[in-house]
Amino acid sequence: MTDPGISEAVRSLIVERIDSVVQLELLLLLHANPGRAWSAADVAQELRIDPAWTNGQLTELVGHSLLAPASTDDPRTFRYAPAPGSPLDAAVAQLARDYAERRVTIITLIFSKPVDKLRSFADAFRLRKDNPNG
Amino acid sequence: MAEAVYVLCCLTSLTCAVMLWRGYARSRARFLLWSSLCFVGLALNNLLLFIDKVVLPDVSGFVGVDFAIWRSGAALIGLALLLYGLIWDAE
Amino acid sequence: MPNQTLILYEFMLGGLVMACGVAGLFFLRFWRKTRDRLFLMFAISFWILGLNWLALAFIEQEEQKTILYAVRLLAFGLILFAIIDKNRAAKGSG
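Residue numbers (this note's numbering), protein chains in the order written: chain S, -6 to 127; chain U, 146 to 236; chain E, 2 to 95.
Warning: the hint list may mix true and false statements.
Here are the simulated lysine-lysine pairs, DSSO-like style, with alpha carbons at most 30 Å apart [what the hints assert, rightly or not]:
hint	chain 1	residue 1	chain 2	residue 2
1	U	K198	E	K66
2	E	K34	E	K87
3	E	K66	S	K110
4	S	K110	E	K34
Calculated directly from the structure, the hints in this document are not laboratory data.
As the structure is a prediction and not an experimental result, all values here were calculated from the model.
If we strip away everything but chain S, and leave its shape as in the complex, we get (with noise of 0.2 Å):
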């Protein structure tokens, strides 16, 4: 999939970080607002989606380190990760101009995404089958 127009550091993001277009509609969401913490509650209430699935996206994404826990007190609350000027602050500011500019080619991206066998491998050993990504 090669389109001149999206640079790597954004194709990285996408490949190495963002699993589905509800994750990259989390990480903007909250990019778009990068003081404030967020539970699962109000991002599913903003996106109009599940909220307990929702806690396992947005967990997902901390893993990736997109996003962090608000607070130490309450693992629950969200928020924008990548420190302002940061080379993956910068990614994801690009990504989300991208996203607003040429949203097919960026959602093309994240489904044309390869089989990753090293995924399927650790998805292995996980007990519970419902994983989105699976």
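Based on the hints, put chains U and E in the right spot on chain S.
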């Protein structure tokens, strides 16, 4: 104490083998097939160790071949399969 | 153990140590690539297993060999822990 450890190791290996086999059935990724077989080999290694040291401590081998050879052979075949999968099928 | 068998056994142990070393290196690389600590734990487990077989190759007294079950327990215990850890991290989804 050692007996319990050998049993635990065997069961752990079997658990991994089963999980990876099911993962292979789901994803058809060959790497999981080789990994699963590796853990079967490790399970056999621990099972034979248990049989050698606990069940038949006075018997040194099977059909003329020392238990140690059977044990290591099972593990070695398993690891060879894993290495094959790591090199050719893992990425 | 007759000498010929011993030689074969030691040879196989050498192969096992090397195989575990290489497998561990692969898992280490996968950890670097995916940032999934399951791979790190598998790498360490295989290296510990390799140490187990390395020790078996050089230790001669049976009693000392039996103590190696503790090393084996460590290796497989770490694998078990990796599986449990993977499932605890997944609790939030679905």
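Consistency of the hints with the structure:
Proximity of U/K198 to E/K66 is assessed by CA-CA distance (about 11 Å); at most 30 Å being required, the pair is judged to hold. Between the alpha carbons of E/K34 and E/K87 the distance comes to roughly 17 Å, so the proposed pair stays at or under 30 Å and holds. The straight-line distance between the Cα atoms of E/K66 and S/K110 is roughly 38 Å, outside the 30 Å bound, and the hint therefore fails. Of the supplied pair hints, the one linking S/K110 and E/K34 holds, its CA atoms being roughly 12 Å apart against a limit of 30 Å.
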